[in-house]
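Participant: Residue numbering for the sequence shown follows the UniProt record's numbering, beginning at 1 and increasing consecutively.
Think of the hints as simulated: they come from the structure by calculation, not from any bench. We put the CB at the ideal spot given by N, CA and C, even for glycine. Hints may contain errors.
No more than 30 Å apart at the CA atoms, straight line, and that leaves these computed lysine-lysine pairs for DSSO-like [said to hold, decoys possible]:
no. : residue 1 : residue 2
1   : K140      : K191
2   : K222      : K204
3   : K121      : K234
4   : K121      : K94
5   : K204      : K191
6   : K234      : K222
7   : K191      : K18
8   : K222      : K18
9   : K140      : K18
10  : K234      : K71
11  : K234      : K18
12  : K140      : K204
Each pair of labels, with its calculated beta carbon distance range [said to hold, decoys possible]:
no. : residue 1 : residue 2 : range
13  : P143      : E210      : 37 to 45 Å
14  : Y17       : A65       : 19 to 27 Å
15  : E54       : P92       : 19 to 27 Å
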Amino acid sequence: MRIILCSWGGHGAWCWYKVVAELRSGGYSVSTIDLAACGADPRRIPEDVSSFAEYAQPLIDLVTAAPDNEKLVLVGHSFAGLSLASAMEAFPHKIAVAVFITAIVPDTTRAPWHIIEEHVKRSPTKYEGMEIKSISLPGKSQPFDVIVLDFERLATNLYQKCTTEITFSEARYGSVDRVFIVCGDDAMLTKDFQKWMIENGSVKEVMEIEVADHMAMLSKPKELCQCLISIFNKYAV
């Protein structure tokens, strides 16, 4: 059994350092992953990474390399929920449970982008001052859409656009147990919006860290580890 921790857009594996230390001290096998153009990954967006599939490929590669007899607990935060869903769609038989920490939980009937659209609709002020640009890339027939945020907004309302190139099926993605961890003081994905995602995504179990902000792995690492250990013991042992 192994726990794989996946960070969200623009952040790297370093975010989990407190959680990794706590889990490994308890004897758990833990891996972290830098998604494409995140953390220590040397690639750049949009020059080297121009699709969601390319962005999520490091997680897909890690799950691909895992032996078939090794059950995995995938843990994703925020935007990484879509990366988890991609791995669940590709390898449902390898995943014991997927844990969404205040993360995007797609459903199997609509394009994943509708989650972002719903968030924009409910929290329009978080997106004021946001600029969308289309960039032409050498060798690419389609322009690449990027979202530009000023430094102040980047510090308070981090956001990254997801395209509609991915879909998830009930037979594969939907067959994997999903647990959602609510972060009660999340100022980006509010508690009400998290509850909406839970209802929309049909998760199996809900846990909550009442005073955690959006970055629970940094603000409440011990409480988060307690949740993860409980989930691991229930679904993966």
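Participant: Each hint should be assessed against the structure and marked as holding or not.
Facilitator: Hints, verified against the model:
1. K140 - K191: Status violated; Cα separation ~40 Å.
2. K222 - K204: holds, 23 Å
3. K121 - K234: The hint is violated at about 36 Å.
4. K121 - K94: violated, 36 Å
5. K204 - K191: holds, 18 Å
6. K234 - K222: With Cα atoms ~18 Å apart, K234 and K222 stay inside 30 Å; holds.
7. K191 - K18: The given pair, whose Cα atoms are some 24 Å apart, holds under the 30 Å limit.
8. K222 - K18: holds, 8 Å
9. K140 - K18: violated, 40 Å
10. K234 - K71: Distance of about 13 Å is within 30 Å: holds.
11. K234 - K18: holds, 23 Å
12. K140 - K204: violated, 41 Å
13. P143 - E210: 37 to 45 Å: holds, 43 Å
14. Y17 - A65: 19 to 27 Å: Hint holds: Cβ distance 23 Å, inside 19 to 27 Å.
15. E54 - P92: 19 to 27 Å: holds, 22 Å
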